[in-house]
Amino acid sequence: MTRKGNVFTEVRKPTHILALAALIGVCVLFFFLGKWQWDRTQNILNAERAASEQAVPVSEIVGEELNPEDFGRAVTAAGRYVPANQVRVTNRLENGQPSARVGEWVVSEFVVDSGLRIAVLRGWVPTAAEYLTPAEPVVIGGILQPSEAFYEGAVSGQSGVVVIDSEELSEIWGKPLASGFVVLTTQEPQGVANPTPVPPTISTSNVAFPLQNFFYAIQWWIFALFAIVLYFRWIVVSGREDSEVQ
Amino acid sequence: MNRINTALLAFRIMAWVTGVVLAIASVWAALGYLFWDYSSEGGKPSLYSLLWLAHGWLYFAYLIAAVNLAFLLRFPIVKTVALLLAGTIPFASFYADYVMHRYVRNREELATERTT
Chain E
1 MTRKGNVFTE VRKPTHILAL AALIGVCVLF FFLGKWQWDR TQNILNAERA ASEQAVPVSE
61 IVGEELNPED FGRAVTAAGR YVPANQVRVT NRLENGQPSA RVGEWVVSEF VVDSGLRIAV
121 LRGWVPTAAE YLTPAEPVVI GGILQPSEAF YEGAVSGQSG VVVIDSEELS EIWGKPLASG
181 FVVLTTQEPQ GVANPTPVPP TISTSNVAFP LQNFFYAIQW WIFALFAIVL YFRWIVVSGR
241 EDSEVQ
Chain W
1001 MNRINTALLA FRIMAWVTGV VLAIASVWAA LGYLFWDYSS EGGKPSLYSL LWLAHGWLYF
1061 AYLIAAVNLA FLLRFPIVKT VALLLAGTIP FASFYADYVM HRYVRNREEL ATERTT
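Protein chains in written order, with the numbering used here: chain E, 1 to 246; chain W, 1001 to 1116.
Pulled out of the complex, with its shape left as it was, chain E reads as follows (with noise of 0.2 angstroms):
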């Protein structure tokens, strides 16, 4: 039973202290590749969430579709308000709290300098409340919201709609309309008695993950315990043919 001994000399030979060295040093490197992939992966989905926080222009993002990715996304529209079009949305809480008032939500058609329709989700009031509506051009900025899918047929009363659906409030104010909606977070002349702000169901745009770098990251690493694994099975092999030659 001297097979533990065995691997003990084997260890101390030369060309196992030098098998030894190259294993550190590839483990080291492999770390550090890992790591090299693992900051790539980090760096791009920094840059990919700062790209989508930073407003575009809504005319460049919508159209007939809405692209799922854009959901969420920071927009801005410099255009005009229709007055004559707009809904309320009835039984909607103040600040979305449960405590809150109940009220209505201000939806106004814009109609964008390119020409674009799209509803604008302006805000909150209490119900059958007054507010105004600025009539000359405004420089809106949101975020980008799709049609709300929730209670699906429900039927609109005469005081207004149950939810906002671009669908329906094409039929009211005429089509074409943008799909979706944006939720109005600045208003630039600001004007007076605005409805109060609503905030964003979805507040952040999905970003594609760089899965391709994240499995490369790990790879690296597990290539560095495969290493060690092969390391330690070579040592008790050869030790095991010593220990049968002797």
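Worth double-checking, as some hints may not be accurate.
[Stated by the list, open to error] The calculated lysine to any residue pairs, modelled on SDA-like cross-linking and capped at a C-alpha distance of 25 angstroms, are: (1) W/LYS1079 x E/SER238; (2) E/LYS35 x W/SER1049; (3) W/LYS1044 x E/ARG49; (4) W/LYS1044 x E/LEU45; (5) W/LYS1044 x E/ASP39; (6) W/LYS1079 x E/ARG49; (7) W/LYS1044 x E/ILE61; (8) W/LYS1079 x E/HIS16; (9) E/LYS13 x W/THR1080; (10) E/LYS35 x W/LYS1079; (11) W/LYS1079 x E/TYR231; (12) W/LYS1044 x E/LYS13; (13) W/LYS1044 x E/GLN42.
[What the hints assert, rightly or not] Covered stretches of chain E, going by a simulated chain W footprint (3 or more residues, C-beta under 8 angstroms): (14) 49–56; (15) 215–226.
Hints in this document: simulated from the structure, not taken from any laboratory.
Treat the numbers as computed from the prediction; the structure is a model and nothing was measured.
We put the beta carbon where it would ideally sit given N, CA and C, even for glycine.
Chain W: place on chain E using the hints.
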């Protein structure tokens, strides 16, 4: 001998699967960087990226098959490492498969010569 033949078959399968994926991906990469717009971010089709992802994980299976075979044949460490690296060089794994088969066949012939 039987275990070696099984290991040899496993290695042959992995050498070819990994080799074919790597060959397609690297020829595609060469064409992409030479003639198309692959050096810019996001200029690559998703199938191309998927091929490289596939090669990454297939190479693990290749590593295991190759190490298994190398240990059964009691390969020295340098030869073993060369065999492992063959899975990362385009077309090298096909040659590795050929060499391993020739090696095992020669070994078998030597063994039968000794017994007869």
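Do the hints match the structure? See the list:
no.	hint	verdict
1	W/LYS1079 x E/SER238	holds, 15 angstroms
2	E/LYS35 x W/SER1049	holds, 20 angstroms
3	W/LYS1044 x E/ARG49	holds, 20 angstroms
4	W/LYS1044 x E/LEU45	holds, 17 angstroms
5	W/LYS1044 x E/ASP39	holds, 21 angstroms
6	W/LYS1079 x E/ARG49	violated, 46 angstroms
7	W/LYS1044 x E/ILE61	holds, 22 angstroms
8	W/LYS1079 x E/HIS16	holds, 16 angstroms
9	E/LYS13 x W/THR1080	holds, 20 angstroms
10	E/LYS35 x W/LYS1079	violated, 29 angstroms
11	W/LYS1079 x E/TYR231	holds, 14 angstroms
12	W/LYS1044 x E/LYS13	violated, 50 angstroms
13	W/LYS1044 x E/GLN42	holds, 20 angstroms
14	49–56	violated (count 0)
15	215–226	holds (count 5)
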